[in-house]
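Undergrad: With the sequences and hints as input, model every part of the structure.
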Amino acid sequence: MMKRLAAVLLLGLGTGLAFATPASAHGEKSQEAFLRMRTIGWTDVTFSGGHMDPNGDMVIAQGEKFTIKGTAKLMNTWPDSLAKGLPRIGYINVATQGPCVEMLTRTINGVSTPSRIEITKGHYYDFEETLMGRRVGRWHVHPTFAVKGAGTLLGPGQWVRVTPHAFTSSIKLYNGKTINLENYNLVSVWTLQVVGFLLGLIWIFWWTWWGKTAKGNPRRTVTNPAVTLAIPLNDDGVAVGLNTKKDHRVVNIIALATALFLLIGWIWQASAFPVKIPQQVVEYEPPLTSQDQAPTLAAVDARSAKYDYQAKVLRLEVDTKNVSNSPIQLAQFVTSTLTFVNPASGTAPYGQYQDALKASPSGTIQPGQTATLTIDLPGSRFDEEHLLPRGESQLTISGLLVFKDASGQKDSAEMEEPLQPKYIS
Amino acid sequence: MPSGNAVDEGGRGMTTTEEQLEQAQQFERLKALVDKPYRWIDRKWDAVFWISAAFIVGAACDITKLLFAGDWDFWTDWKDRIWWPILTPFALVIIGSALQYIQWLAWRFPTGMTYTAICLWPLATLGRWLQWGNFVHYPMNFVWPTTMVPAGIFADWVLFKTKSFILTSVIGSAVFAFGWWVSNYVMIAPFLQPAQWMDRILTVADIQGISFIHSQTPEYLRIVEHGTLRSFLGETQYVALVFGATVTVAGYWIGQFIGRMLAIWPIGRFMKKW
Chain A
1 MMKRLAAVLL LGLGTGLAFA TPASAHGEKS QEAFLRMRTI GWTDVTFSGG
51 HMDPNGDMVI AQGEKFTIKG TAKLMNTWPD SLAKGLPRIG YINVATQGPC
101 VEMLTRTING VSTPSRIEIT KGHYYDFEET LMGRRVGRWH VHPTFAVKGA
151 GTLLGPGQWV RVTPHAFTSS IKLYNGKTIN LENYNLVSVW TLQVVGFLLG
201 LIWIFWWTWW GKTAKGNPRR TVTNPAVTLA IPLNDDGVAV GLNTKKDHRV
251 VNIIALATAL FLLIGWIWQA SAFPVKIPQQ VVEYEPPLTS QDQAPTLAAV
301 DARSAKYDYQ AKVLRLEVDT KNVSNSPIQL AQFVTSTLTF VNPASGTAPY
351 GQYQDALKAS PSGTIQPGQT ATLTIDLPGS RFDEEHLLPR GESQLTISGL
401 LVFKDASGQK DSAEMEEPLQ PKYIS
Chain B
1 MPSGNAVDEG GRGMTTTEEQ LEQAQQFERL KALVDKPYRW IDRKWDAVFW
51 ISAAFIVGAA CDITKLLFAG DWDFWTDWKD RIWWPILTPF ALVIIGSALQ
101 YIQWLAWRFP TGMTYTAICL WPLATLGRWL QWGNFVHYPM NFVWPTTMVP
151 AGIFADWVLF KTKSFILTSV IGSAVFAFGW WVSNYVMIAP FLQPAQWMDR
201 ILTVADIQGI SFIHSQTPEY LRIVEHGTLR SFLGETQYVA LVFGATVTVA
251 GYWIGQFIGR MLAIWPIGRF MKKW
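Residue numbers (this note's numbering), protein chains in the order written: chain A, 1 to 425; chain B, 1 to 274.
There could be a bad hint or two in this list.
What the hints assert, rightly or not - In silico DMTMM-like pairs for lysine to aspartate or glutamate, Cα to Cα no more than 25 Å straight-line:
1) K69/A to D355/A
2) K69/A to D71/B
3) K177/A to E28/B
4) K148/A to D292/A
5) K31/B to D235/A
6) K212/A to E28/B
7) K410/A to D319/A
8) K245/A to D199/B
9) K65/A to E219/B
10) K148/A to E118/A
11) K29/A to E416/A
12) K148/A to E225/B
13) K36/B to E22/B
14) K212/A to D42/B
15) K245/A to E28/B
16) K69/A to E219/B
17) K312/A to E285/A
18) K312/A to E392/A
19) K358/A to D411/A
20) K246/A to D42/B
Claimed, not checked - Output of the computed footprint for chain A on chain B, the stretches with three or more beta carbons under 8 Å from beta carbons of chain A:
21) 39-50
22) 99-110
Said to hold, decoys possible - Ranges of calculated distance between the beta carbons of each label pair, as one might list FRET restraints:
23) L67/B to H248/A: 31 to 39 Å
24) W268/A to R39/B: 52 to 60 Å
25) H248/A to F27/B: 47 to 55 Å
26) M2/A to G70/B: 19 to 27 Å
27) I264/A to I223/B: 54 to 62 Å
28) L233/B to I267/A: 19 to 27 Å
29) V239/B to P418/A: 33 to 41 Å
30) N175/A to I223/B: 38 to 46 Å
31) K65/A to A53/B: 27 to 35 Å
32) G70/B to D53/A: 34 to 42 Å
33) I223/B to N183/A: 54 to 62 Å
34) M2/A to R39/B: 26 to 34 Å
35) H226/B to L201/A: 21 to 29 Å
36) Q216/B to M2/A: 22 to 30 Å
Keep in mind the hints are simulated off the structure, nothing from the lab.
All C-beta atoms, glycine included, are put in the ideal place defined by N, C-alpha and C.
TA: This is the structure we're talking about:
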């Protein structure tokens, strides 16, 4: 019986280990597609630093810096079901497998931003995060936009391979001293913890091992109820010899030693670290970006979003009016982590999260002109990213149409349209 | 005290002399029982009990702590002066109080709180070291657990001196809360030093929380002091400590309920039945 049980347990463990694969993602594909598409529009996200290996991994050493830059638009299509439809507090960060990388600097709209920001629907947030390789390994790193009351939304990621190298996580205190965050003050934390623990052990050993009964015999435990249940609860057992006056003296000494230990600790911290402040909560509203203040290039009105399951093509039809005084052209369609670039605009897709779109008419739209753009997007990419809203409460396709004028100025227009899962005729 | 042939309330007609004699005999019987040698129950059973219970007690206290005050225990940037001293002593005292009742009732040992503390500390530290340190690679100076050992010693001392659970709940809980704060503030103090980082003045703890990435717990989730108009001339720390001590009294009685009604009472029913 025991052998069978052991065999089953071993088989289960072996099967689990044999088929388990390392966790390498962050659950972004498990979030509902329409929510990911209606919340944050990620544009121009780039990773720079180190070097790229043939597999497209960014390779950096421990302690070496790399940068993530990009723009996140908090979309007006933000759904009512998240943060009650009014996102107010956000936090731009990165998602990866724990502290594999370390945040060094972060600017949002040009302002240094250690923590949360006040956010407004429809605004753009230009972010630049400088990070440092910390843990050796291959990690998938995404920029993230967390919104209070909603959750964390991920932008396009990049595999980062961290190679071994000596490093420190140095910061300079206000008193001028430089400390290493990796091990700062660890010795005193453990010393205080261990000394306290030893005092507790002494207390317990006194009552279970070293202490004696009134007759000088070893003190026992499990047989005591024969006595203790026969005396009142507010009797300390000294009269019957279970405990002794010596016990009182010893516990006084241990309690006094503990108080002395805390007093010494208190004096130490007060003299060693005279200047202390409470944890800081930094919160502000970033200034507007140039994109927030730029003239609108196009007014769009989506007419249809159809998906051909056989050809795996998502076709968008969008009435686009050029409201600027310069010719404009569709440069990108951006939704959630994916960016589809228009090769006719002079850019080519790059990286894991970019692909090409096919737009017709492919030329420019003149000022004041309205054109119906037909945009074909490779549906396989939507499939891979679980971005086709099937079986969800809102079957819609949302995203940013990024236009470029003759001077290269960009502006994006939001579109949202119910998805029609039909064959394209 | 009446003397002579006084009749007791039960009307049994027993004299005071007989009562005293019986009490004296009972007293001698109990004194003999204290040191009575048992053939099958020796001190090995004591060791078995104390050691095997350690894991259950430590785990129960750790789970209670994580349930009520998990994040405050995990990260230095959560260990603030308002919420941390209110929630953590409350969470810690619960299982300690239950053990204090059980161990005092059964063995007359003022050890429940300290025993819980020394069971909790190695388990919590080992867990933190394995899970946060080795698996996820957070520096241990960012994720060290709190200690309740000095606070536990004080609370047990109060019980032994007062021999009263009511007094221990009032005095002992307050001493527990203040003792817990002092013993843990000494450890957090170096991390409250200011540093200029990202063009702001932040504490070392804040910087740890931002630089060591925790992807799914954005900074705004931190429940720490944010400031209030009811700041009591800026002395929020002392108000929080007093309130924390009060809340700890409530936690103490939750623990007493667990000890009395969920542990001892069912055992008593079982023993009577069988």
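Undergrad: The structure should be examined with respect to each hint, and the outcome stated for every one.
TA: Against the structure, the hints:
{"no.": "1", "hint": "K69/A to D355/A", "in the structure": "19 Å, holds"}
{"no.": "2", "hint": "K69/A to D71/B", "in the structure": "30 Å, violated"}
{"no.": "3", "hint": "K177/A to E28/B", "in the structure": "69 Å, violated"}
{"no.": "4", "hint": "K148/A to D292/A", "in the structure": "22 Å, holds"}
{"no.": "5", "hint": "K31/B to D235/A", "in the structure": "14 Å, holds"}
{"no.": "6", "hint": "K212/A to E28/B", "in the structure": "18 Å, holds"}
{"no.": "7", "hint": "K410/A to D319/A", "in the structure": "18 Å, holds"}
{"no.": "8", "hint": "K245/A to D199/B", "in the structure": "61 Å, violated"}
{"no.": "9", "hint": "K65/A to E219/B", "in the structure": "22 Å, holds"}
{"no.": "10", "hint": "K148/A to E118/A", "in the structure": "10 Å, holds"}
{"no.": "11", "hint": "K29/A to E416/A", "in the structure": "20 Å, holds"}
{"no.": "12", "hint": "K148/A to E225/B", "in the structure": "18 Å, holds"}
{"no.": "13", "hint": "K36/B to E22/B", "in the structure": "20 Å, holds"}
{"no.": "14", "hint": "K212/A to D42/B", "in the structure": "15 Å, holds"}
{"no.": "15", "hint": "K245/A to E28/B", "in the structure": "19 Å, holds"}
{"no.": "16", "hint": "K69/A to E219/B", "in the structure": "20 Å, holds"}
{"no.": "17", "hint": "K312/A to E285/A", "in the structure": "42 Å, violated"}
{"no.": "18", "hint": "K312/A to E392/A", "in the structure": "19 Å, holds"}
{"no.": "19", "hint": "K358/A to D411/A", "in the structure": "19 Å, holds"}
{"no.": "20", "hint": "K246/A to D42/B", "in the structure": "24 Å, holds"}
{"no.": "21", "hint": "39-50", "in the structure": "holds (count 6)"}
{"no.": "22", "hint": "99-110", "in the structure": "holds (count 7)"}
{"no.": "23", "hint": "L67/B to H248/A: 31 to 39 Å", "in the structure": "36 Å, holds"}
{"no.": "24", "hint": "W268/A to R39/B: 52 to 60 Å", "in the structure": "53 Å, holds"}
{"no.": "25", "hint": "H248/A to F27/B: 47 to 55 Å", "in the structure": "20 Å, violated"}
{"no.": "26", "hint": "M2/A to G70/B: 19 to 27 Å", "in the structure": "38 Å, violated"}
{"no.": "27", "hint": "I264/A to I223/B: 54 to 62 Å", "in the structure": "32 Å, violated"}
{"no.": "28", "hint": "L233/B to I267/A: 19 to 27 Å", "in the structure": "26 Å, holds"}
{"no.": "29", "hint": "V239/B to P418/A: 33 to 41 Å", "in the structure": "55 Å, violated"}
{"no.": "30", "hint": "N175/A to I223/B: 38 to 46 Å", "in the structure": "29 Å, violated"}
{"no.": "31", "hint": "K65/A to A53/B: 27 to 35 Å", "in the structure": "51 Å, violated"}
{"no.": "32", "hint": "G70/B to D53/A: 34 to 42 Å", "in the structure": "40 Å, holds"}
{"no.": "33", "hint": "I223/B to N183/A: 54 to 62 Å", "in the structure": "28 Å, violated"}
{"no.": "34", "hint": "M2/A to R39/B: 26 to 34 Å", "in the structure": "32 Å, holds"}
{"no.": "35", "hint": "H226/B to L201/A: 21 to 29 Å", "in the structure": "40 Å, violated"}
{"no.": "36", "hint": "Q216/B to M2/A: 22 to 30 Å", "in the structure": "42 Å, violated"}
When each numbered hint is compared with the structure, violations occur for hints 2, 3, 8, 17, 25, 26, 27, 29, 30, 31, 33, 35, 36.
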